[in-house]
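Asker: With chain U held as given, fit chain Z onto it using these hints.
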Amino acid sequence: MMNSPGREAINMERRKALKTGGGIGLMALFGALGLLQPGKAFAEWNKTAFSSKSMDEALTALGVAAPADSDAIKLTVPEIAENGSVVPVTVVSNMPNVEQIAIFVDKNPNVLAANFTFPSGTEGMVTTRVKMGQTANVVALVKADGKFYRVAREVKVTAGGCGG
Amino acid sequence: MGNPMKIRAAVKDGVTEVKVLMQHEMETGLRKEADGSLVPAWFITEVKAQHQGRTVLEAQYGQSISKNPYLLFRFKGGAVGEKVTVSWTDNKGDTRTDEAAISA
Numbered sequence: 001m002m003n004s005p006g007r008e009a010i011n012m013e014r015r016k017a018l019k020t021g022g023g024i025g026l027m028a029l030f031g032a033l034g035l036l037q038p039g040k041a042f043a044e045w046n047k048t049a050f051s052s053k054s055m056d057e058a059l060t061a062l063g064v065a066a067p068a069d070s071d072a073i074k075l076t077v078p079e080i081a082e083n084g085s086v087v088p089v090t091v092v093s094n095m096p097n098v099e100q101i102a103i104f105v106d107k108n109p110n111v112l113a114a115n116f117t118f119p120s121g122t123e124g125m126v127t128t129r130v131k132m133g134q135t136a137n138v139v140a141l142v143k144a145d146g147k148f149y150r151v152a153r154e155v156k157v158t159a160g161g162c163g164g
Numbered sequence: 165m166g167n168p169m170k171i172r173a174a175v176k177d178g179v180t181e182v183k184v185l186m187q188h189e190m191e192t193g194l195r196k197e198a199d200g201s202l203v204p205a206w207f208i209t210e211v212k213a214q215h216q217g218r219t220v221l222e223a224q225y226g227q228s229i230s231k232n233p234y235l236l237f238r239f240k241g242g243a244v245g246e247k248v249t250v251s252w253t254d255n256k257g258d259t260r261t262d263e264a265a266i267s268a
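Chains as they are written, first to last, in this note's numbering: chain U, 1 to 164; chain Z, 165 to 268.
Simulated from the structure, these hints should not be mistaken for laboratory data. This one's a predicted model, so the numbers in the text were calculated from it and none came from an experiment. Not one of these hints is a red herring.
In the SDA-like style, the derived pairs of lysine to any residue whose C-alpha atoms are separated by at most 25 Å in a straight line are:
no. : chain 1 : residue 1 : chain 2 : residue 2
1   : U       : K47       : U       : T60
2   : Z       : K170      : Z       : K256
3   : Z       : K240      : U       : F148
4   : Z       : K212      : U       : P88
5   : Z       : K256      : U       : E44
6   : U       : K74       : U       : Q100
So here's chain U without its partners, still in its complex pose (with noise of 0.2 Å):
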């Protein structure tokens, strides 16, 4: 069995992702390098997170437990999406004391589009544009008063975002 052809190439597509996954982590870590120079303050880029291939992956490495669902943030995305390379998100907490805002696609081969850290006296709120891949989920992670929040809405896309 474990020596069928079938078995075997699925094999080397494991390889092959594995070797591509090598090069972006390897790319990422000069990167991370360069926010060490003197005079840059950004906290380390969280590689594990924005390389998770799932929701679980992305909320475990972001050291998330079990989000609630909340009304209390309003996610603003288009119903149908014509062009999946730019989709506007809006995310709006209604919360007090935001602490962060991350902002997940669930069918994006890294689910992990952005997340937003929120010093006091910053609003609960942020707009940006995310590539969609196919028809998903579009997830909002709020974390006020340290626990963490979570809304989904569907967008529908009717032309992919990742090439063409």
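Answerer: Here is chain Z on its own, set in the frame of chain U:
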């Protein structure tokens, strides 16, 4: 050094709204050229916004952010003429910093 950003900052009722349009290809690393070769990943990984030297927003981006990233956020405070500075860094270590004065 990257191409210049467009930054608009306007204060109203004690809240400053900042709109930023960065210029960046934001290549995912998954797209293929016509000859089948992969276009290497090239995207902004970090963004930071400051008001008069105080950080008002920090962000980490992944490959799913669109080309020429747009960003809108709001912070309390800010006065006409004060500076808002935005910086980004990409996965190749390139950086770009631009600033704008807050308008009414």
